[in-house]
Structure formats: C-alpha cells, structure tokens
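Throw the hints in and build the complete structure from the sequences for me.
From first to last, the protein sequence lines stand for chains A and D.
Using UniProt numbering, the letters of the first sequence correspond one by one to residues 1 to 299.
Using UniProt numbering, the letters of the second sequence correspond one by one to residues 1 to 303.
Only true hints are included.
Reference excerpt, derived from the structure (chain A facing chain D, CB under 7 Å, subset only):
(1) Glu14
(2) Ala21
(3) Leu27
(4) Leu36
(5) Leu99
(6) Ser106
(7) Val128
(8) Leu138
(9) Val180
(10) Asp236
(11) Ala274
(12) Leu277
(13) Ser281
Residues of chain A placed beyond 12 Å of chain D at every Cβ, according to the derived structure:
(14) Ile57
(15) Ala60
(16) Tyr62
(17) Gln70
(18) Arg147
(19) Ser158
(20) His160
(21) Ala291
(22) Arg294
(23) Val297
Hints in this document: simulated from the structure, not taken from any laboratory.
Model, not experiment: these values are computed from the prediction.
We put the CB at the ideal spot given by N, CA and C, even for glycine.
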Amino acid sequence: MEDRRTVRKRNSGERGLALLAALALGLYLVFLVLPLLLSLRSSFTNENPLKAQNDFIGLANYTEMAGDDQLRASLTFTLILAFGVTIAANALGVGFALLLNRTSLSYRVMRTVAFLPQVLSGVIVAFVWQTILTQNGLLNTALVNLRILDEPYPWLGSPHAALFSIGLVVTWVMSGFTTVVYLAALQSIPLELHDMASLDGVRGTQRFRKITWPMLAPGTTISVTISLITVLKLYDIITVLTGGGPANSTQSTALYIVKLAFTSDRVGYASAVAMLLLGISALVALTVTGALRRREVSL
Amino acid sequence: MTTISRDTRDRPTAGGRSTLTPPPHTRPRRRLSTRLRVAVAAAVTLVFVAPIYLMLVNAFKPQEKILANPLAPPWPPTLDNLTKALTRPDNLIPLGLRNSLIVAVISVALIVPLGSAFSFYISRKSGKTKAVILLVLSAGLMIPPQVILLPTIRILTWVGLDHSYPGLILANLGGGYLSFAVFVYVGFMRSVPDEIIQAARLDGAGGLRIWWQIVMPLVRPATATVVIFLTLWIWNDFLNPLFILGPLQGQTITTGLYLTIGQYSVDYGQLFGIMFLAGVLPVIGYLTVQKQFVAGLTSGSAK
Numbered sequence: 001m002e003d004r005r006t007v008r009k010r011n012s013g014e015r016g017l018a019l020l021a022a023l024a025l026g027l028y029l030v031f032l033v034l035p036l037l038l039s040l041r042s043s044f045t046n047e048n049p050l051k052a053q054n055d056f057i058g059l060a061n062y063t064e065m066a067g068d069d070q071l072r073a074s075l076t077f078t079l080i081l082a083f084g085v086t087i088a089a090n091a092l093g094v095g096f097a098l099l100l101n102r103t104s105l106s107y108r109v110m111r112t113v114a115f116l117p118q119v120l121s122g123v124i125v126a127f128v129w130q131t132i133l134t135q136n137g138l139l140n141t142a143l144v145n146l147r148i149l150d151e152p153y154p155w156l157g158s159p160h161a162a163l164f165s166i167g168l169v170v171t172w173v174m175s176g177f178t179t180v181v182y183l184a185a186l187q188s189i190p191l192e193l194h195d196m197a198s199l200d201g202v203r204g205t206q207r208f209r210k211i212t213w214p215m216l217a218p219g220t221t222i223s224v225t226i227s228l229i230t231v232l233k234l235y236d237i238i239t240v241l242t243g244g245g246p247a248n249s250t251q252s253t254a255l256y257i258v259k260l261a262f263t264s265d266r267v268g269y270a271s272a273v274a275m276l277l278l279g280i281s282a283l284v285a286l287t288v289t290g291a292l293r294r295r296e297v298s299l
Numbered sequence: 001m002t003t004i005s006r007d008t009r010d011r012p013t014a015g016g017r018s019t020l021t022p023p024p025h026t027r028p029r030r031r032l033s034t035r036l037r038v039a040v041a042a043a044v045t046l047v048f049v050a051p052i053y054l055m056l057v058n059a060f061k062p063q064e065k066i067l068a069n070p071l072a073p074p075w076p077p078t079l080d081n082l083t084k085a086l087t088r089p090d091n092l093i094p095l096g097l098r099n100s101l102i103v104a105v106i107s108v109a110l111i112v113p114l115g116s117a118f119s120f121y122i123s124r125k126s127g128k129t130k131a132v133i134l135l136v137l138s139a140g141l142m143i144p145p146q147v148i149l150l151p152t153i154r155i156l157t158w159v160g161l162d163h164s165y166p167g168l169i170l171a172n173l174g175g176g177y178l179s180f181a182v183f184v185y186v187g188f189m190r191s192v193p194d195e196i197i198q199a200a201r202l203d204g205a206g207g208l209r210i211w212w213q214i215v216m217p218l219v220r221p222a223t224a225t226v227v228i229f230l231t232l233w234i235w236n237d238f239l240n241p242l243f244i245l246g247p248l249q250g251q252t253i254t255t256g257l258y259l260t261i262g263q264y265s266v267d268y269g270q271l272f273g274i275m276f277l278a279g280v281l282p283v284i285g286y287l288t289v290q291k292q293f294v295a296g297l298t299s300g301s302a303k
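Now the structure itself:
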C-alpha cells in the first residue's frame, strides 16, 4: 500500500508537469496560432494604422492581388530563387559530400570549414558579399585591374545580374547545410553494399547512379524540403544585399509583405499577401516532400 | 539514416573505393590519386570559403592594401580596424553583442524546460488529441515569420510589452523555436524506456520529478541539439529584433550592423573590422561544439 503522503506528493508533481506543459502550449497559442488567426481576419479588412476605423471588405484584398503587378513580380522572383537555389545547393552539396567523404585529418578540416557559411548571420554574410559584388567592390576592382573587364559590371545593379548574385549568395549559404546532410547520408550507406558492387565490377558513375544516389534519398528529401522553406521565407540577405532593388526586381514576397505592412501601412492587404505566401509555402512543402517521400520508397 | 556520431574513423568511407586487400602493384598509383584528390578537394574548399577568408584577412589590413590586393595575407597585420570598431562612439559592437547575448541566453534558457516538459507530458498521452497537437506544433516550423510579425507586435502592445526586450523574448518563446524544441525532444522521448518511468512512479516520484531527474539526463543529446541551434538562430535573427524591438531600444548585433553600417560601405577596413568582431563569437562557438553540432543536425534530420 502506498501511504497518503507519497500519493499527494506524486499528484502535485503531476500537476506541476501539466502546468508547465500547459504554459508551453499557451505561449504557442498566443504567439503563433493567435497571430495567424488575427492575420487571417485582417486580410478581410482595409486595416490601416493611420485610419481610425477599419471595415470588413470581404474578399476585396484577394481580388486586388490578381491585378497586382508588384505581387506577381515578387512571386516570380521568389519561386525562381527558391527552386534555383534548391537545385544548385543540393547539386553542390552532393558533389561536396562525395569529395569530402574521407576520414583523414585534412578532410575533417575541410568539412568543418564547409559549414561555416551557415554559422554566420545572414546580415554578416550579405555585407561581406556586398563588399565583393558592389559597383566599386572587390570583384570589379580585381576584374578591371586584370583587364578582364573594361568597366565595372553592375552585379547588384541590374535586375538579371542581381537575381543571379542573390542566388549565388544564398546557394553559398545553403550549400554548407546540404553538404552536412549528404555527408551523413553517405555515411549511413552500409559498407557491404559497396564491397558487393566492387566484386560485381560496378564502378564510377554507374555505381553512383545505381547505389549511392538511391541510398541518399532520405537525405535528399530533408535537404530539398529545408532548402525550399528557407528560401521562401528569406528576408535578411536580400534586405541587406539589394533592399529589393533595383526597381523592385529582387523584391521577394517576404520583403513585399513587410513593405506593405510597415512602409505603406496597408495592413489588411499585407495580411492577404501573407496568407498567399503561407499557402504557397505549405503547398510547395507538402507536394515536394510528399513526392520525395514516395520516391524514397520506390527507389 | 543513422547519425554521423557513429564511429567512422577507421572506415574506408562509403562512396569511395573499398580498401579490402588492394593488389600491391596498384599502391603507387593510388597514392598519387589520393594526393590529387586532396588537392582538388582543398582547391574547391578554398574557393568556397574565399568570402570568409576575405573577412578574416582584411580585418587586419589598412584600406589601401585591401583595395590593392584583397587576397593578400595581412602582413604586417594592423589592429587599427578592430580598435576603431570597438571604440566607436555609438558602442555598436559591445552593446550589440551584449543585447544579443541577453536575448539568446534568456530565450533558450526558457524554451528548453518548456519544450522538454511539454514533450514529456504529451509523449505519455496517446490518441487523437496528441496527434492533433503535435501536428499544429509542427506547423510552426514552416510558417514564414513575416506572416505573424504584425499581429505579434499588436498582441505585445495589448500586454504593454511592445518595443521591449521582454516582449522580444516572449515572442521567441511562443514561435517556431518552441516547435523546433518539441520536434527534437519528442523524437528522443520515444526512446526513453517506459519501465524506468514506471519504476520511478512506484517509488513515489511525481511527474515533475521524473521529468527533471530521470528524463532530462537521458535526453541530454536532444538538449544539446536544441541549445546549440536555438542559440545560433536567435543570435542571428534579424526580422524579429528589427521590428519587435524597433530602433529606439538599442540594437542586437544583427540589426545594429544593418542600421548603422550604410555610411561605412566604402571604408572597407572599418567594415571588415566590424564584421570580424560581429562574426567571431558564433564561429568560435561552432568550432568548440562542432561534434554535437553535426550530430544534432543529422539526427534531427533523420527523424
């Protein structure tokens, strides 16, 4: 028989734990679920902090989005960047992982270094790349000094070059992450599989296609999904590198939402665009992850 | 997928050639190809880290030498850039580092017990409610922060904590960071044997004590992962401090750099000095806990 004091002590412990769990859930509800609902509600209004009264305007914000050229440009930019960076960073990650997948000291040092871009904040990364890419920056100075270019090239100053430059910087950052994921995936491939392949005389590209690549599938799923989500909500690198310019050409949807809400004071419309970005993120994440998961099974 | 922490030291790595009984006559060729491989890998790695190399060497070079040859090593090195960056009248670096440290440490110190207690509590429940709650929580990993930023500030205004450090920390506690902590902890809690908990209950220990004295020591790798990644993410966060804190409350290191650096963009010496000082702490941290860092990343992504 348990004595009453033990039971009482145990019960108070149960309550304490439940209280802590409830506190965590409460914080999540207040600072994530509630803002989400408020944002949804606000997307049906013409809310504006400069106006005394806000009215429900039904779906007007959503119909306005259909004819918004800035929004369309921002979505195009965001999706090109997201898919471009995801493909490039994952290709580089696989290549890097294959190259660095050895265990001697020199390779371990290189692996450590390869992850460094992930450790620095986007703000620092963007400032360092800005000194390289800006009009009178280090790259143009070097290229002009070496007489490769006659005059500085606007790496960040023309729309197409700026898209490319941002893609380059974000790919650079994401590659550190994808490399580590693919390295782990490579090391989870049973060694016996490779020994068997050697005995059967399967080598080189064939071995990569038939054994390594299919065995990397779980790593690919996680690496591709996280790359996509990260780029879809990217804010700091673009803000520092170009601020959305030139002429809004690098204004991602995330930047557009913040501009609408904090600079144009169009809170209602900003909320509607935010709902759209949320929907696109969810759709992309779910379909791509689903497809990659099915691929894991079929390979 | 297994974790990288499995000992792989003596293993000829997968993806490479098997080293089982190499015929002796291939030895010299192999040595040459091994060297070639290291050289190629080193060259690729060097190109890859060039921007970080630039940040490192140019922090110790005067402006004219940076422009003459940004890739040259800093010889003789100068500390002018660093002292100038540290003695700015606006105290950008010391204040920024202090504020970032306060926000990151307090946020993580609160998210860890909240996240793990919640995970322990929910992992002992079963059924639909648990599945739904975990699904709602995992959504937090995916929601772009721009979507909830403005309503979050409004909620903080209602409780009188907008544009304050407690407000920023509170927003950190409830957002996607908590989702991440729960995501990691729930995965680990599954591997805690039920018998241990039952035995502790028979000894009269309540939930709170079992969680703190028995479960927490067992899930230490999860705590390491959560602490390392959340510290880094909150330290590097830009959007929340920029708008929740606003310009009047002093800056974290990221927003401070963004809001003050514009006018220095042609003074490369000064810029690299500031970047070096702002970036050196996370890099040192990463190098010290590198093993747990990689293990956490890979075990987290395996679940």
